[in-house]
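Asks: Sequence:
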Amino acid sequence: AAQGLRRSLEQLPEFHTDARVAGYWATDGELPLNLAIPPLAERGQQFLLPMIGRERELRFAPWRAGDPVEPNRYGIPEPVTPHEWFAAFQLDLVLVPLLAFDRRGHRLGYGGGYYDRSFAFLGDQTRPTEPLLVGIAYAFQEMDAIDAESWDIPLDYVATDRELIDCHATDHGTPA
Numbered sequence: 001a002a003q004g005l006r007r008s009l010e011q012l013p014e015f016h017t018d019a020r021v022a023g024y025w026a027t028d029g030e031l032p033l034n035l036a037i038p039p040l041a042e043r044g045q046q047f048l049l050p051m052i053g054r055e056r057e058l059r060f061a062p063w064r065a066g067d068p069v070e071p072n073r074y075g076i077p078e079p080v081t082p083h084e085w086f087a088a089f090q091l092d093l094v095l096v097p098l099l100a101f102d103r104r105g106h107r108l109g110y111g112g113g114y115y116d117r118s119f120a121f122l123g124d125q126t127r128p129t130e131p132l133l134v135g136i137a138y139a140f141q142e143m144d145a146i147d148a149e150s151w152d153i154p155l156d157y158v159a160t161d162r163e164l165i166d167c168h169a170t171d172h173g174t175p176a
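Reminder that position 2 of the sequence shown reads as 2 in the numbering used here, one-by-one numbering, no gaps.
It is worth saying that the hints were derived from the structure and are not from the lab. Among the hints, a few may not be true.
Computed beta-carbon distance windows for the label pairs [unchecked claim]:
#1 Asp147 x Asp67: 32 to 40 Å
#2 Phe86 x Ala65: 16 to 24 Å
#3 Leu35 x Asp67: 17 to 25 Å
#4 Glu149 x Ala65: 31 to 39 Å
#5 Gly112 x Tyr138: 14 to 22 Å
#6 Asp147 x Ala65: 34 to 42 Å
From the three backbone atoms N, C-alpha and C, an ideal C-beta is built for every residue, glycine too.
Based on the provided sequences and hints, a complete structural model is requested.
Replies: See below:
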């Protein structure tokens, strides 16, 4: 599955070129990024992990293989005493964990609203081109449709262990 994910991500030009790529530490059966991360460092790209901020928003700290991590209040590993961190708007590409997704870019998260709050600025009338949001999922996590709430920030792409899905494509195989 991790190899399939890497193949899907390799189809995305931004995965090869964007300077700041944020991801996550896989927990509770999430698709791991362990095979996708090493090429980033080889290309001189910076990989970042999310950290929960005081206002229940995410900030992102650089992390390299071997750097220490410690569990946050939810048991999710975060970098220990990072020397710098970045706000969501400073990122180029974000690999987003999820429970389920549809081809229109709607996702079911874990209920905390951290990603939607942190990337709310992308919901503005003129959406910035960055960061690009890419959901990471197993193919079996796909649903026909997910009802979106007003605060939900849609994904640009979903990378699965089987394919890369462009959520902006006009034909998703179902009537509009």
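Asks: Each hint needs a verdict: does it hold in this structure or not?
Replies: Here is what the structure says about each hint:
{"no.": "1", "hint": "Asp147 x Asp67: 32 to 40 Å", "in the structure": "holds, 39 Å"}
{"no.": "2", "hint": "Phe86 x Ala65: 16 to 24 Å", "in the structure": "holds, 19 Å"}
{"no.": "3", "hint": "Leu35 x Asp67: 17 to 25 Å", "in the structure": "holds, 18 Å"}
{"no.": "4", "hint": "Glu149 x Ala65: 31 to 39 Å", "in the structure": "holds, 36 Å"}
{"no.": "5", "hint": "Gly112 x Tyr138: 14 to 22 Å", "in the structure": "holds, 21 Å"}
{"no.": "6", "hint": "Asp147 x Ala65: 34 to 42 Å", "in the structure": "holds, 39 Å"}
Against the hints set out earlier in the document, no violation occurs for any number.
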